[in-house]
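Enquirer: Given next are the chains, with one letter for each unit.
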Amino acid sequence: MSTLQPITILIAGLGGEGGGVLAEWLVELAIRCGHPAQATSIPGVAQRTGATTYYVEIHPQSLAALGGRIPVMSLAPVPGCIDLMVASELLEAVRAIQNGFVSRERTALLASSQRTLTTFEKLAPGDGRFDSERLLQVAGSNSRQLAAFDVGGTAREAGTVPSAVLCGAIAASGVLPFERSAFEDVIRASGRGVAASLRGFALGFERCGAALGAAPAPTLVTQLDLVALGHARVVEFQDAAYGELYRQRVERLKAAERLADPQGRHGGELTREAARFLALWMAFDDVVRVADLKSRAGRFARVRREAGAQAGEVMRIADHFKPGVTELAGLLPQPLAQRLLDWESRRRRDGKSPLAMPLKLRADSISGFFALRLLASLRWLRCRGQRYAEEQALIERWLAVVETAAANSWETAFELALCARLIKGYGATNERAKENFRYIMNCWTSTDAGTIRRAREAALADDSGSALDAAMTQAGASARAVKAIPVRWLKRTGHRT
Amino acid sequence: MEVSFSKEVEQLRQGAGETFHGEGILAITKALLQSGVAYVGGYQGAPVSHLLDVMVQAEDYMAELGVHVEACSNEASAAAMLGASIHYPLRGAVTWKSVVGTNVAADALSNLASPGVTGGALIIVGEDYGEGASVIQERTHAFAMKSSLLLLDPRPQLPNMVRMVEQGFALSEACNTPAILQLRVRACHVRGSFECADNRAPAMSRKALRDEPAAFDYEKLAHPPATFRQEKLKNEQRLPAARRFIVEQGLNEFFAGKRDDIGLIVQGGLHNTLVRALQQFAMGDHNLADAFGAAEFPLLVLNVTYPLVPQQIADFCRGKRAVLVVEEGQPEYIEHEILATLRRQDVNTAIHGKDLLQMTGEYTVEAIAQGLIKFLARHAADLPLAAAQDWLTANAARRHAVVEQLAAPLPPRPPQFCTGCPERPVFSALKLAQQNVGPVHVAADIGCHSFATFEPFGFGHTILGYGMSLASRAGVSPMLKRRALAVMGDGGFWHNGLLTGVESALFNGGDAVLLIMKNGYTAATGTQDIISTPDEEQKASAPDKRLSLVDRNQTIEHTLQGLGVKWLRTVPSYEVDTMRRTLEEAFTTETGGLKVIIAAGECQLERQRRVKPWLAGLLKAGKRVVKVKYGVDDDVCSGDHSCIRLSGCPTLTLKDSDDPLKVDPVATVIEGCVGCGLCGENAHAATLCPSFYRVEIVQNPGLGERALAALRRGVIGLFQKP
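Chains A and B are the protein sequences, given in the same order.
Using the numbering used here, the final residue of the first sequence is 497, and nothing's skipped along the way.
Using the numbering used here, the final residue of the second sequence is 1219, and nothing's skipped along the way.
Since the hints were derived computationally from the structure, they do not count as laboratory data.
Be aware that a few hints might be false.
Straight-line C-alpha distance at most 27 Å; calculated DSSO-like pairs for lysine-lysine [said to hold, decoys possible]:
#1 A/K360 with B/K1124
#2 B/K1159 with A/K322
#3 A/K322 with B/K1218
#4 B/K1218 with A/K360
#5 A/K352 with A/K483
#6 A/K434 with B/K1152
#7 B/K1152 with A/K360
#8 B/K978 with A/K352
#9 B/K1042 with A/K360
#10 A/K483 with B/K978
#11 B/K1109 with B/K1042
#12 B/K1124 with A/K322
Go ahead and model the full structure; you've got the sequences and the hints to work with.
Expert: The following block contains the structure:
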C-alpha cells in the first residue's frame, strides 16, 4: 500500500447501533493525531434497523508531512480497495463481501460472530435461518485476515453499545497508525457514558486481538439417545402405560427399518428421527400440558432470570390464554365433542367469529396458580378425550404408511417418517399442519423419496400452503379441494362512488 | 424531536479564526448564516433534514441574529416563502428532499422564477439519487432548465461547498434568479472541516424592521402581460448575467493536466469519484490521478451545472481530440447542451458521455472507470488500461465466487418498524381483518407505515406520493366490489392529504376507508413536530411518561369533523382485536361515504426519549418502578413462528430450542423489548398459542407488596412441581 493512498475503512451495521458515532470517533481520532480524514454514510432509515454503511478515509501522512497539500478523498467505498472492513453483524459482513468490497489481498475483516436475524429468515414455519457456519467460512476465506467474536454480547457485558467494542477492535487490528491511548482519549473526550464505553473498548481490543487469525471454533455435535428422551417425554406427558405404547411404536419403526435396511447402512437413522417426532407428537400440546409446564418452579425461575429481576424485586407473570371450543371439545368424549364442534362450525358458517375466551392469567397469584394446577390435573380426562383419539388415529396412519413404504425403499420410508415434523402448533396452526400432513400421506404412494422431501420442505417454507400445493401438483398429485371461507360482498348504497 | 442538536447549534456560533469540523449539511447551514440569510424555511426529508432541525433548535441564536425560521407544512409553502425576496433585499434559503419536494414546490417555483428576485434566493435540495435513495430516480436538473433557475452542484469538499453557498446568493442577486444548490446523499453526510467566517446579521430582519411595504409594481407579478416580458428577461438579461458572474468569479473550476489532447467535463458533485476512478489506472510508477487530484488530463469541474457557459465549454474543448462528459442520471441534459453549443460554434471535438458511460444509476468509481476504459481505448490508445481492467475483472470474479460459495441468496434487510412501533399492531389487525372479509385494495402512502410493504405484511398496491393515498384510490373504489383502504400518516395528512384526499373524497361522496396513523410526528424524517403534536407542557405534566399522549391533541379529529366526516372512529393502535373489528365494520358497513379510522399511538422513539430519563430518575430516587417485558416459554412454543408472521418486531426473534427433541428454532423475545404489548394482543386477537407471557418486574417494591409476594411464593412453593 503506497504511503500516498488513504487508509480506507468500511463499517457495516444496523440502524441504531451507533455506527455513526464510531465513524465520528475515527475522524476525531485522525484529526487529533494531525491526519486528514473524511467520513460519509448511507444511513438508510438509520433509526429503523435497516442495513446501514459508514465509510472513513484517513490519509497516512500527517498534515505537517503534507505541507498544505489537500488530498482528494472518495465519498464512496471502492470494491477491492478496503483496508479494514468492520461489521457489527455477521450477515452484513458477508453482504459487503458479496458486494465485492473485501479483498483477500488487502482487507482485514472485523466481524461479529453473532446474527441478528432478518425478518425474512424468521418467517418460515420451519427453520429459515441462513447457515451461520457457511457465513463464517465465506468471511474467513475471502479476507486477508478475519477476527470474529460476539460484538453484541461483548457490548452487553460491558453495558455499552457495539460502537465502543468495535472501536477497541479497530485499535487492536493495527490497521491505523495510532496508539491505543489515542483511541481512548477520543472516547474520553466524547463525554457520554465514558466509563462504559472504555470498558467495551478494552474488551473489544482484547477479544479482537485474541480472535485475529484464529479460526472460529467448530460446533461439536453430540449423539443423544432420542428414544430414551422421547420415552421420558411421553411418560411425563401422560403415564407409564402411554410410555409403553411409545416403546411399542418405536419397536414397529425399528422392525420396519430392519426390513428396509438389513445391513444397517443408515445406522438406524429412520428409527432415531421418527422416534424424535413420534415423542413430540404423542406429547401433543393441549391445555393440560401447557398448564402443567407453566405452573412449574423451573419455569418461574427461568422467567425471572430472562427478565433480569434482581433479588428483592417482585415479579408478576401474566399468561395469555385463549381457550376455544376446539380446546374444550378436545377433552370431551367423541360423541359429546362432535356435537359441540358441529354447533361451532354452524356458527362459523353464519359468519360468526370463533368462540373463545381471552384470559390474562396471573400465574404468580395463588388463584391463578391453582387454576393452572387444576387444568394440569385433567390428565385422566385427556386420554378419554376426542383430541387424544384423533391424534392416536393419525399416528397409527402415519406408522402404517412408513411400514408399507419400508417394504420397498428405506429412503421413501425415511422421508415419510420425517413428515411428522409438520405436526406442531395449536388451534388453527395445528389444523393447517395436519391438512398438509394428510395431503402428503394421501399422495405418497405415487411418489419417490425426493418428491416427498420437496413436498415436506415446501410445507415448512410458507404457511399459506401454496408452496406445498405447487410442489405436489408438480409431482402429479391431484390438487386439494378448495376450502370454504365466508365471503362478504359490499352492498352498494345510494351514495355516489 | 428524536435527536438533540445542542452540539451542532453551538457550532453555528463559530466565527473567523475557528475551524468547523462536522457534517456537510451543517457546514451548509453555517454558510447560510455567514451569507447573512434573513429567513429560512423548508420541509424535512433525508438527506437534508438536519438543516432545518438544527435551525429550529437554534431558535434563540436565530432570534439574536434576527433570522426568521419556519418549518413549512410542505415544500410548496417553503418555495412560496421565497416570494419575500421578490420585492425585498432579503436573502432567503429553503430546503427539501428532491426530486419529490421539487415536484410539490414546482408551481411556486415557476411563479417565483418568472418575476425573479431582488434578494438572493437559495434552495438547498438533497438529490436523493443512487444508493440509499428512498424516492423515484429523477433529476432536479429538469426543473432548473424549465424554470430557468440556477443549479449548483458543488465539488463535495467542505470549503468549496461553503463557498458555493456564499457565491450562490451573490450569483442569485447578480442575475435576479433563484438558485438551487443540490447535494447528493453522501455529500450531505460527509464529515470534513473548513475555516469559519463570522456570521452576518441581515440588514433587514426581524430585529431591523422596514417601515413600509414595497411599492406596487405590476412587473413583479407572475401575471399577464408581465409574464411575457419576464420570459424575455430570463433569456436576454438574467441568464447572460449569470454566465458573466460564473466566469468572473470562477465558479466552475479548471484543473490543468499533463496532456491536452483529451479532457474531462464533470459535475462538481462527482469530482472526487472521478479522481478515485482515474487513480485505478496505473502507468508505471504513477496513476492517471494522484492522491491530491492532479490528473493526466485537464478537468473542467462544473460547480454550476445550469446554465452552462458556451464560451467556457468551447474554450475547454477547442483543440482537444475528444472530451468525456461525466454526468450522472438521465436524460443527459448537460451532454446535449454541450453538443449543441459546440456544433453552433463549429468546434469539432469528439464528445462522449452516455454512449460510453452507463445511462442510469449512481456513478460509482467502478461505473466511471468502465466508461473511462472505453473512452481512453478510443482516444488515448497509448495509455495502459491493464491495471484498471484487471481491477474490474477481479471485482467481478470475486462477486461471482462469493455467490457460488454462498449457494443461496442472502436475505435482504430493509428498514422496518421500530421495536414497539404503534403502527405495527395496526397492520397485524389489517392482516387478520382481511382473513375475515377478504383481501382489500390498499392505497399506501409515504411514511413509516410504508414499511408495511415489506415482510411480514406486504400491504400496498400503489404509492403515489406524500399524502396521496386517499386520492389515489378515487378511481379504484368505484370499480371494486370490496371497499378500498387508504393508509396515511398524520405527517402526510398535513402535508397535503387533507385537501387532495379527504376534501376531494367528501365532495365526491367517495365510498372509501381512510386509516390515519396518528403517531404525533413526521416520524420517518426524524420525528419533527407537526400541528397535531402533543405540546411540551402536556409531556411535562403527564404523570406516567410511558403513556401515549397523542390523544391530548385533537386537531386532526376536529378538522375532519369540521369538514363533515360522519363516520369517524379513534382506536388505540395497540388494541389489535378492536382495530380488527373496526376495520371489518368499515369494510362492510351499509354506511356509504368516507369512513375514517384514526389509529392513535405515539411514536415509540419519542416515548422512549421521554421514558428513559424519567425511569432512571425514579430509580435513582429509590421510587417504585414497574418494568414490563414480554417473553415466550420455549417449552410451550412449537416453533411454527406464526406469531412472527403477524408481527415482525425486531425483538421477537428465533433461537435454537433447548429441547433436544425439537429441531426447529423457537421464538424468543430478546433484550430491547419495550413491553408494548403487541405479542399479547396478537396472541389473543389471532388465537396464536399460549407460549406468550407478560412479566412485570417491580423495582423498589413497597413493604406490603414484598410481603404479599413472599406469601404467594410460600404457598405456591408447597404445591409446585420442580
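Enquirer: Work down the list of hints and note, for each, if the structure agrees.
Expert: Hint by hint, here is what the structure shows:
Pair hint A/K360 plus B/K1124 holds up; C-alpha atoms about 18 Å apart against a cutoff of 27 Å. Straight-line distance between C-alpha atoms of B/K1159 and A/K322 comes to about 24 Å, which keeps the hinted pair within the 27 Å bound. Straight-line distance between C-alpha atoms of A/K322 and B/K1218 comes to about 24 Å, which keeps the hinted pair within the 27 Å bound. Note on B/K1218 and A/K360: the hinted pairing holds, with a Cα-Cα distance of about 22 Å set against a maximum of 27 Å.
For the hint pairing A/K352 with A/K483, the CA-to-CA distance comes to about 17 Å; that is within 27 Å, so the pair holds. Straight-line distance between C-alpha atoms of A/K434 and B/K1152 comes to about 25 Å, which keeps the hinted pair within the 27 Å bound. In summary, the hint linking B/K1152 to A/K360 is supported, as the alpha carbons are separated by about 26 Å, within the 27 Å threshold. Distance restraint check for B/K978 and A/K352: the Cα-Cα separation of roughly 21 Å lies within the 27 Å cut-off, and the hinted pair is therefore satisfied.
Distance restraint check for B/K1042 and A/K360: the Cα-Cα separation of roughly 24 Å lies within the 27 Å cut-off, and the hinted pair is therefore satisfied. At most 27 Å may separate the alpha-carbon atoms for a hinted pair to count; A/K483 and B/K978 meet this at roughly 21 Å. For the proposed pair B/K1109 and B/K1042, the alpha carbon gap of about 9 Å is at most 27 Å, so the pair holds. Pair hint B/K1124 plus A/K322 holds up; C-alpha atoms about 25 Å apart against a cutoff of 27 Å.
The structure meets every hint from the earlier list without exception.
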